[in-house]
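Asks: Residues 757 to 983 in the working numbering are what the sequence shown spells out, letter by letter.
Hint data in this document are derived by calculation from the structure and do not stem from the laboratory. As the structure is a prediction and not an experimental result, all values here were calculated from the model. There could be a bad hint or two in this list.
Here are the simulated DSSO-like cross-link-like pairs (lysine-lysine), alpha carbons at most 27 Å apart as the crow flies [stated by the list, open to error]:
id, residue 1, residue 2
1, K883, K821
2, K845, K791
3, K886, K934
4, K820, K934
5, K821, K856
Just the calculated beta-carbon pair ranges, DEER-fashion [claimed, not checked]:
id, residue 1, residue 2, range
6, G787, S930, 29 to 35 Å
7, N761, Y935, 19 to 25 Å
8, Y935, R771, 24 to 30 Å
9, K945, E859, 33 to 39 Å
10, I854, T759, 17 to 23 Å
11, G819, D894, 15 to 21 Å
12, E941, N782, 21 to 27 Å
13, E859, E774, 34 to 40 Å
14, G819, Q758, 20 to 26 Å
15, D789, E859, 26 to 32 Å
Just so it is clear, CB atoms sit at the ideal spot from N, CA and C, and this is done for glycine as well.
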Amino acid sequence: MQTINIERLRKLDYRANEAYKNLRTNIQLCGSDVKVIMFTSTTPGEGKSTVSFNLAVSLAEAGKKVIFIDADLRKSVLVGRYKINTSVKGLTHFLSGINKFEEVMYATNVENFNVVFSGPTELLGNKVFKTLIKVLRDLYDYIIIDTPPIGSVIDSAIVAQECDGVAYVMASNSVSYKYAQKGLEQIKKTDCKLLGIILNKVDMDDNKYYGKYYGKYYGKYGEHAGK
757 MQTINIERLR KLDYRANEAY KNLRTNIQLC GSDVKVIMFT STTPGEGKST
807 VSFNLAVSLA EAGKKVIFID ADLRKSVLVG RYKINTSVKG LTHFLSGINK
857 FEEVMYATNV ENFNVVFSGP TELLGNKVFK TLIKVLRDLY DYIIIDTPPI
907 GSVIDSAIVA QECDGVAYVM ASNSVSYKYA QKGLEQIKKT DCKLLGIILN
957 KVDMDDNKYY GKYYGKYYGK YGEHAGK
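Given only the sequences and the hints, what does the whole structure look like? Please build it.
Replies: Here you go:
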């Protein structure tokens, strides 16, 4: 199993690190039966991939055994953003039967933290994915799954059927109330528990209210957020 160095991937300031610690605590307070957690958003660019990845690392740093699965098979940003070798084998190489799971899973320099990157096809609805999640439940404390924006494609709704909860990332002042409500309605239809909404990309310098009351929970992700 190959190993990737993720220290250089997480250039977070103190406030952002504290925000992830608080988010980690809130996830743990959801209960021991919430192990498989899907992250989604309304539209691209709200920061769900960054938030889910950094939360996964934070959980591992707290001693939990964690695997992060990049299931945004249509437009993943993680491999490119983190300059991982372009020949990386991903989730769909496994789902399509090309590679064994141990060949698409990467170890990291963070203890207890493994990563599975995405691939070029759309196979989330097949039985192999369902079986994989079932097996991983017995091997990991948390399975964090990054999925496409639920307002764009149906993939997230498919993944939600295998999850214990959904974390909804929403960028401040970027999505209309009507569009956000539509995304939340999509989640409700999956019957997967909505764990909460993570407010992202809050400008702490311009917004005194958020800065005073919510800064310790969310941090300033503007410099770090991606899709």
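Asks: Each hint needs a verdict: does it hold in this structure or not?
Replies: Do the hints match the structure? See the list:
For the suggested pair K883 and K821, the alpha carbons sit about 25 Å apart, so the restraint of at most 27 Å is met. Distance check on the hinted pair: K845 and K791 sit about 25 Å apart at the alpha-carbon level, within 27 Å; holds. For the hint linking K886 to K934, the alpha-carbon distance of about 32 Å lies beyond 27 Å, and the restraint is violated. The hinted pair formed by K820 and K934 fails the criterion: a straight-line CA distance of about 37 Å is larger than 27 Å.
Proposed proximity of K821 and K856 is supported: the alpha carbons are some 21 Å apart, at most 27 Å. Against the hinted window of 29 to 35 Å, the Cβ-Cβ separation of G787 and S930 comes to about 31 Å, which satisfies the hint. Restraint check, N761 to Y935: a C-beta distance of roughly 38 Å breaks the suggested window 19 to 25 Å. Judged by the Cβ atoms, the range 24 to 30 Å given for Y935 and R771 holds: they are separated by roughly 28 Å.
One distance hint, 33 to 39 Å for the beta-carbon pair K945 and E859, holds here, with the actual separation near 35 Å. In this structure the supplied range 17 to 23 Å holds for I854 paired with T759, their Cβ-Cβ distance being about 22 Å. As the Cβ distance of G819 to D894 is approximately 18 Å, the hint placing it in 15 to 21 Å holds. Roughly 23 Å separates the CB atoms of E941 and N782, a value that falls within the hinted 21 to 27 Å.
For E859 and E774, the Cβ-Cβ distance of about 37 Å falls inside the hinted range of 34 to 40 Å, so the restraint holds. A beta carbon spacing of about 24 Å between G819 and Q758 agrees with the range 20 to 26 Å that was offered as a hint. Look at D789 against E859: about 31 Å separates their beta carbons, and that is inside 26 to 32 Å.
In this structure, the hints that do not hold are numbers 3, 4 and 7, in rising order.
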